[in-house]
Amino acid sequence: MKHLREELWFNVPDRRGYINITSEVEALVRQSGVQQGLCLVNAMHITASVYINDDERGLIGDYDDWLEKLAPFNASGEVYRHNRTGEDNADAHMKRQIMGREVVVAITDSKLDFGPWEQIFYAEFDGRRRKRVLVKIIGE
Amino acid sequence: MKHLREELWFNVPDRRGYINITSEVEALVRQSGVQQGLCLVNAMHITASVYINDDERGLIGDYDDWLEKLAPFNASGEVYRHNRTGEDNADAHMKRQIMGREVVVAITDSKLDFGPWEQIFYAEFDGRRRKRVLVKIIGE
Amino acid sequence: MKHLREELWFNVPDRRGYINITSEVEALVRQSGVQQGLCLVNAMHITASVYINDDERGLIGDYDDWLEKLAPFNASGEVYRHNRTGEDNADAHMKRQIMGREVVVAITDSKLDFGPWEQIFYAEFDGRRRKRVLVKIIGE
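Protein chains in written order, with the numbering used here: chain A, 66 to 205; chain B, 66 to 205; chain C, 66 to 205.
Just so you know, the hints here were simulated from the structure itself, not pulled from any lab data. Among the hints, erroneous ones may be present.
From the structure, some residues in chain B lie toward chain A, with a derived Cβ separation under 10 Å [said to hold, decoys possible]: (1) L103; (2) H110; (3) G142; (4) R149; (5) K201.
Computed from a predicted model, the values in this text were never measured in an experiment. Positions of the beta carbon are idealized from the N, C-alpha and C atoms, including for glycine.
Bound conformation, chain A alone (with noise of 0.2 Å):
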């Protein structure tokens, strides 16, 4: 069995913003000399996602539009008993489970085996500082 692990780090300006990661990750399964097995990418950080879906500016607006009607940022602690806690991010914590923490992707001859328009991103909901993604895979 062949693994590779690594970390990729963001630091993203704004609280919130969407990244497409796709290029880096398929840059390690290469790295990883894998022809067949899985790829694991997972946000290390719980008020962020990784999520695939499409790359259109539109629908991203449309993401970050709908994330904040579900679940509205407010720093009170009368609204969000976390935020009681001195922190103000409660609704990135409720953002992250729509999204989803992280994808399984199966590696078919040495490539991320997509559909045609699959693309993987990490979506920050409490940005302004480095956090970061894993990327674990395993296979042969």
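Based on the hints, put chains B and C in the right spot on chain A.
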């Protein structure tokens, strides 16, 4: 390490539909010869989901109503920016995030290692065309 | 390839509850002898979730309120068709889709490869009976 890769194809006649694909996945597990391992099942399209839940007709109707409430269909580009591209499926990209892209199921003693009511579904949110699911099995 | 399969059992006394299961999963990783691999942790029941987030009491209360807002409990068959079957747990099937069925965690150097605040939770949405989680570990 053994591995198997197969696609399952669907053409849902309506915009939305929910198809139980458990027996197709089980057949692939048998075909793989894997006794202990992992089985990844993912939508290859970004307006569809693979999820695990109950095969009960009322529940499926409830899911459909609930998803429509959380992310209503609206073809207008004034509601969803994505639809300014000429698409009308922005809602489908959101519904898919709620229900998820993929499931990973354990294989134990050559079978899907399931609880009593777990069934694998393909959920279509933008049908009326051929779309597919990837099954990737690794193990020994 | 090494592999391990174990079940964790729970009996949550209330309808809903959130249990940190990280140390139980870590013990199974040690027991497996796997140094590099993947660890799948999934609810075996379709009205419960396994998810990764913070072990902070206020946040857990916020999740509970938020899930109840997105998918309110209502035993009536007029609100949820699923409840016409004699069940009263349709809301639990929806809450579970938001929080997810499973997590896949990397194993690196014989440990769960976690960011600073990642903790694995079992979330029960229809308790007061014995239910279980599957842990499946593969690697070498």
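Indices of hints not satisfied (ascending): Hint check: nothing fails, all pass.
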